[in-house]
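Based on the provided sequences and hints, a complete structural model is requested.
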Amino acid sequence: MANAVLTGEAELASDERRAPWRVNRQLLVALGLLAPSLVFLALFTYWPVLQVLWQAAHNQVRAGSPQVFVGFDNFTGLFADSAFRKAFANNLIYAFGTVIPSLVLALGFAMALAKSNRVNSLFRALFFLPVLVPLVAAASIFLFIFLPNVGLLDYYLGKLALSGPNWLGDPDIALYAIMGLTIWKNAGYYMLFFLAGLQAVPADAYEAAILDGAGPWQRLRYVTLPYLKPTIGFVLVVGLINVVTQVDHVFVLTKGGPSDSTNLLLFYVYQQAVENYDHGRAAAGTLVMLALLFAITFSSLRTLERSFGEREA
Amino acid sequence: MSVATREITPTLGYGATLLLAALWVIPFVWMLVAAFNPQTYGGAAMASLLPSYVPTLNNFAEAWASADFPRYTLNTAIISLGTLAVQIVTITLAGYAFARIEFPGRTFVFYLFLLQLMLAPVALIIPNLVTIASLGLYDTLLGVMAPYFASAFGTFLMRQAFKAIPRELEDAALIDGASIWQRIGYIYLPLAKPSLIAFSIISLTSHWNEFLWPLMVINSPDLRPLTVGLATFTRGAEGAQAWGVIAAGTLMVSAPLLIAFALFQRSFVNSFVSSGIK
Numbered sequence: 001m002a003n004a005v006l007t008g009e010a011e012l013a014s015d016e017r018r019a020p021w022r023v024n025r026q027l028l029v030a031l032g033l034l035a036p037s038l039v040f041l042a043l044f045t046y047w048p049v050l051q052v053l054w055q056a057a058h059n060q061v062r063a064g065s066p067q068v069f070v071g072f073d074n075f076t077g078l079f080a081d082s083a084f085r086k087a088f089a090n091n092l093i094y095a096f097g098t099v100i101p102s103l104v105l106a107l108g109f110a111m112a113l114a115k116s117n118r119v120n121s122l123f124r125a126l127f128f129l130p131v132l133v134p135l136v137a138a139a140s141i142f143l144f145i146f147l148p149n150v151g152l153l154d155y156y157l158g159k160l161a162l163s164g165p166n167w168l169g170d171p172d173i174a175l176y177a178i179m180g181l182t183i184w185k186n187a188g189y190y191m192l193f194f195l196a197g198l199q200a201v202p203a204d205a206y207e208a209a210i211l212d213g214a215g216p217w218q219r220l221r222y223v224t225l226p227y228l229k230p231t232i233g234f235v236l237v238v239g240l241i242n243v244v245t246q247v248d249h250v251f252v253l254t255k256g257g258p259s260d261s262t263n264l265l266l267f268y269v270y271q272q273a274v275e276n277y278d279h280g281r282a283a284a285g286t287l288v289m290l291a292l293l294f295a296i297t298f299s300s301l302r303t304l305e306r307s308f309g310e311r312e313a
Numbered sequence: 001m002s003v004a005t006r007e008i009t010p011t012l013g014y015g016a017t018l019l020l021a022a023l024w025v026i027p028f029v030w031m032l033v034a035a036f037n038p039q040t041y042g043g044a045a046m047a048s049l050l051p052s053y054v055p056t057l058n059n060f061a062e063a064w065a066s067a068d069f070p071r072y073t074l075n076t077a078i079i080s081l082g083t084l085a086v087q088i089v090t091i092t093l094a095g096y097a098f099a100r101i102e103f104p105g106r107t108f109v110f111y112l113f114l115l116q117l118m119l120a121p122v123a124l125i126i127p128n129l130v131t132i133a134s135l136g137l138y139d140t141l142l143g144v145m146a147p148y149f150a151s152a153f154g155t156f157l158m159r160q161a162f163k164a165i166p167r168e169l170e171d172a173a174l175i176d177g178a179s180i181w182q183r184i185g186y187i188y189l190p191l192a193k194p195s196l197i198a199f200s201i202i203s204l205t206s207h208w209n210e211f212l213w214p215l216m217v218i219n220s221p222d223l224r225p226l227t228v229g230l231a232t233f234t235r236g237a238e239g240a241q242a243w244g245v246i247a248a249g250t251l252m253v254s255a256p257l258l259i260a261f262a263l264f265q266r267s268f269v270n271s272f273v274s275s276g277i278k
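Residue numbers (the working numbering), protein chains in the order written: chain A, 1 to 313; chain B, 1 to 278.
Simulated from the structure, these hints should not be mistaken for laboratory data. All figures in this text were calculated on a predicted structure; none of them were measured in a lab. Just to be clear, a hint being listed does not mean it is correct.
Stated by the list, open to error - Label pairs and their in silico Cβ distance ranges:
(1) L258(B) <-> F69(A): 46 to 56 Å
(2) A164(B) <-> W47(A): 32 to 42 Å
(3) K115(A) <-> I259(B): 26 to 36 Å
(4) Q182(B) <-> A208(A): 47 to 57 Å
(5) S299(A) <-> Y53(B): 51 to 61 Å
(6) I180(B) <-> P258(A): 19 to 29 Å
(7) L174(B) <-> P226(A): 41 to 51 Å
(8) K115(A) <-> G236(B): 41 to 51 Å
(9) E275(A) <-> A164(B): 47 to 57 Å
Unchecked claim - Partial pick of chain A residues on the chain B-facing surface, computed with a CB cut under 7 Å:
(10) A137
(11) I232
(12) T297
(13) S299
As the list claims (entries may be wrong) - Some chain A residues flagged as far from chain B (calculated, every beta-carbon gap over 12 Å):
(14) V61
(15) S82
(16) L92
(17) G151
(18) Y156
(19) A187
(20) V244
For each residue, glycine too, the CB sits at the ideal point set by N, CA and C.
Encoded structure:
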């Protein structure tokens with residue numbers, strides 16, 4: 001008995017003697033392999049966040065003068081700036097007005113084209129084409145579509161004896177015109193996720209519903225949508241991220257105008273930094289954006305962990 | 001099934017989808033029709049979607065002459081391929097570490113990577129421009145590429161692919177005395193090819209199309225990528241109402257990816273489905 005305990009202890013001791021060395025070696029190898037990634041993550045993800053945190057609390061009195069601590073002044077300045085408030089409000093309208101219509105359209109396209117045959121895959125490809133075009137190139141095309149009088153939209157409206165507004169020049173219309181471009185560009189992307197999601201809906205669930213006499217809307221409500229819940233959540237997150245991070249078309253079409261009616265957060269931040277050289281305010285604006293992104297992605301953290309993390313979750 | 005075919009709502013839905021598909025394709029039709037239109041400047045018929053002319057390449061020639069598209073294409077190719085080349089190294093090594101090595105702090109490092117997925121690089125362009133400048137990379141192609149050299153998305157994708165590879169293969173190589181580099185290079189990478197292709201398509205597409213970041217980093221006209229070149233060119237041609245030339249320029253910028261998609265449709269679709277969050 002005592003012997004067994006002794007040998008047990010001896011085994012333990014030798015294990016412990018070996019363990020630290022092995023752990024360190026594993027750790028070293030792992031760190032070596034992770035180092036290239038971590039260096040770039042540190043330089044371009046962690047460091048900029050720290051830098052923005054510092055910059056948001058500092059400002060220069062004049063260009064070239066030293067940075068002084070200003071506390072929350074940059075934030076009060078930011079929220080007092082009517083251009084920022086306009087950009088924030090625009091971004092909210094833009095989010096609701098693009099994500100929900102694209103999502104509904106994408107689901108509709110996917111359901112209509114779910115069955116695989118030659119005709120359907122051609123139409124799927126058609127809806128997907130705008131995804132591959134650079135946003136800047138799409139904006140160049142839409143510049144002509146929205147052109148007053150001779151542009152594509154007005155030309156064909158004219159044939160129907162209608163006349164359109166000044167699509168990009170009217171502050172009440174311009175944001176909605178840009179939203180049209182965004183929906184056109186993204187619906188096909190979201191369609192792919194719904195096509196993949198629809199494959200997971202078992203065929204017998206539909207058959208059972210049909211036997212029970214469920215009509216198409218009831219089947220959508222009680223069979224399709226419940227199965228697609230994770231996909232819908234995922235598309236919402238992807239769509240909201242796009243709404244915060246994609247402004248190339250604003251740059252080409254309107255530069256945020258007329259009178260800030262199409263300004264969005266990222267474009268506002270860009271203007272503050274590149275055109276006004278107000279780095280404190282740009283940093284405060286960046287932090288607002290980062291907070292939004294964090295809030296959007298945090299809601300999907302569980303999904304991310306499930307798909308990427310397994311044990312780490 | 002016979003019940004379903006008799007229902008009117010799905011049929012209407014299908015019809016509406018086809019109508020919308022026609023609407024969706026109109027911008028592309030206009031781009032093609034206008035690009036080959038001999039009438040370069042404005043004109044009432046510029047908006048017509050039905051070509052009533054003998055097609056010419058004049059607009060392409062003019063676009064080619066007024067902006068250095070070959071140079072822009074080269075710059076874009078260097079940026080997207082260079083970024084991808086470095087990414088493949090970083091994501092393979094990090095993916096292997098996450099997939100196969102037990103080390104203390106793995107969960108913590110996992111979250112460090114996850115942070116990049118949550119804070120999209122585009123949102124950090126202002127502070128990153130300061131970093132790029134202090135590294136002496138302002139107005140260089142390397143400066144455009146550097147922030148993307150590490151990819152959490154790619155790392156996690158590779159990690160999933162590596163985990164699916166049976167450990168026995170690596171153990172056998174280990175007995176034969178294969179080094180860690182040999183094991184990664186000869187066992188893991190070849191077997192993870194589908195994931196590598198999926199990642200490459202996503203990476204190439206997003207960097208081919210990127211605009212705001214290169215716009216900020218690049219100052220010399222010679223170093224502009226296609227997107228920045230097109231935006232500058234469009235601004236100039238818009239003033240002259242040279243819509244045919246704009247359409248031709250836009251077509252040239254979009255064509256490479258559209259052709260690649262036509263050739264490798266299935267791979268594109270699969271990789272975009274796996275992309276979700278880049």
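Results of checking the hints against the structure:
1. L258(B) <-> F69(A): 46 to 56 Å: Roughly 52 Å apart at Cβ, these two residues keep to the hinted range, so it holds.
2. A164(B) <-> W47(A): 32 to 42 Å: Given about 34 Å between the Cβ atoms, the range holds.
3. K115(A) <-> I259(B): 26 to 36 Å: For K115(A) and I259(B) the Cβ distance comes to about 28 Å; the hint holds.
4. Q182(B) <-> A208(A): 47 to 57 Å: At roughly 54 Å between Cβ atoms, A208(A) and Q182(B) fall inside 47 to 57 Å, so the hint holds.
5. S299(A) <-> Y53(B): 51 to 61 Å: holds (53 Å)
6. I180(B) <-> P258(A): 19 to 29 Å: violated (60 Å)
7. L174(B) <-> P226(A): 41 to 51 Å: Cβ of L174(B) to Cβ of P226(A): about 47 Å, so the range 41 to 51 Å holds.
8. K115(A) <-> G236(B): 41 to 51 Å: holds (47 Å)
9. E275(A) <-> A164(B): 47 to 57 Å: holds (49 Å)
10. A137: This hint holds: A137(A) lies near chain B, its Cβ roughly 5 Å from the closest one there, short of 7 Å.
11. I232: Violated. Min distance 13 Å.
12. T297: Check passed: Cβ of T297(A) comes within 4 Å of chain B, closer than 7 Å.
13. S299: violated (11 Å)
14. V61: Given that every Cβ of chain B is farther than 12 Å from that of V61(A), nearest at about 19 Å, it holds.
15. S82: Since the minimum Cβ distance to chain B is about 21 Å, S82(A) lies beyond 12 Å and the statement holds.
16. L92: Since the minimum Cβ distance to chain B is about 17 Å, L92(A) lies beyond 12 Å and the statement holds.
17. G151: At roughly 6 Å from the nearest Cβ of chain B, G151(A) sits no farther out than 12 Å, so the non-interface label is violated.
18. Y156: violated (7 Å)
19. A187: violated (8 Å)
20. V244: violated (7 Å)
Checked against the numbered hints above, the structure breaks hints 6, 11, 13, 17, 18, 19 and 20 and satisfies the rest.
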